[in-house]
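**Student:** Protein chains in written order, with our numbering: chain A, 32 to 138; chain B, 8 to 126.
Heads up, a few of these hints could be off.
Said to hold, decoys possible - Here's a subset of chain B near chain A, in silico, CB distances under 10 Å, partners left out:
#1 K26
#2 V44
#3 Q46
#4 Q50
#5 G51
#6 A98
#7 F102
#8 S110
Stated by the list, open to error - Covered stretches of chain B, as calculated for chain A (at least 3 residues, CB under 8 Å):
#9 14 to 22
#10 52 to 61
#11 64 to 74
Hints are computed from structural coordinates only; laboratory data are not their basis. Glycine residues also receive a C-beta, built at the ideal position from the N, C-alpha and C atoms.
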Amino acid sequence: DIQMTQSPHSLFASVGDSVTISCRASRGISTYLNWYQHKSGEAPSLLIYGASTLEDGVPSRFSGSGTGTDFTLTITGLRPEDFATYYCQQAYNPSITFGGGTKVGIK
Amino acid sequence: QVQLVQSGTEVKEPGASVKISCKTSGYTFTGYYLHWVRQAPGQGLEWIGKVYPSGSPSFHAQKFQGRVTMSTDTSTTTAFLELRSLTSDDAAVYFCARDHYGSGKFDFWGQGTLVSVSS
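Given these sequences and hints, build the entire structure.
**Tutor:** Have a look at this one:
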């Protein structure tokens with residue numbers, strides 16, 4: 032299986048801040064990398080697919096980049112509704128794997 | 008509109024089996040894989056496996072080998088996950104999710120089903 036490692040495990044920021052979350056794959060996955068937002072008690076929601084393509088309806092303050100083994104999710108100008116846990120997910124290998132998650136909390 | 012509606016909370020004893028349903032609507036059921044993902048308390052998301060309603064074999068993570076069955080009923084556009092020999096480690100919220108044209112991106116999700124395992 033391909034292991035997905037996210038960092039940091041958690042971070043604290045203020046409304047208006049910009050934050051970056053990293054995701055590293057144990058081997059190259061091209062751009063078969065998706066990002067999800069997950070709020071407690073809700074289903075996860077797709078933010079970005081193909082490493083950098085914004086899902087329909089997702090605000091442009093979210094952006095993704097990377098290829099191969101290293102990827103980032105950036106939120107530019109945090110809003111109150113963005114405080115959540117974020118997961119990367121590789122779709123390169125049929126045995127799909129998620130990163131461990133990054134919790135974005137309020138400072 | 009696309010909807011995935013899951014069955015309700017389950018409380019099981021260790022060693023028992025659980026079968027969760029995921030009723031879909033709003034799209035062509037036979038055209039999309041459905042995946043199952045779970046989240047144990049305090050843990051991250053864990054992929055369980057996927058099933059294709061048009062009859063191709065399902066595929067699951069190795070750790071569930073021998074314990075999991077994923078199936079579909081095209082007449083009711085419903086997917087099912089059965090997990091056997093439950094232990095406390097299986098206590099989690101289980102989600103179904105639609106795979107967008109087999110791309111591995113999960114564009115629609117069920118609301119989640121809580122499975123508790125306790126004697």
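**Student:** All hints are to be evaluated individually against the structure, with a verdict given for each.
**Tutor:** Right, here's what the structure says about each hint:
1. K26: Not OK, violated: K26 (chain B) not within 10 Å of chain A, min 20 Å.
2. V44: At about 8 Å, which falls below the 10 Å cut-off, the nearest Cβ of chain A leaves the hint on V44 (chain B) intact, so it holds.
3. Q46: With a minimum Cβ separation of about 8 Å from chain A (threshold 10 Å), the hint on Q46 (chain B) holds.
4. Q50: 9 Å, holds
5. G51: 4 Å, holds
6. A98: 16 Å, violated
7. F102: 6 Å, holds
8. S110: Result: holds, 6 Å to nearest chain A Cβ.
9. 14 to 22: violated (count 0)
10. 52 to 61: Contact hint for the region 52 to 61 of chain B vs chain A: holds, 4 residues under 8 Å.
11. 64 to 74: As far as the region 64 to 74 of chain B goes, the hint holds, because 3 residues have Cβ atoms under 8 Å from chain A.
Of the numbered hints stated above, those contradicted by the structure are hints 1, 6, 9, listed in ascending order.
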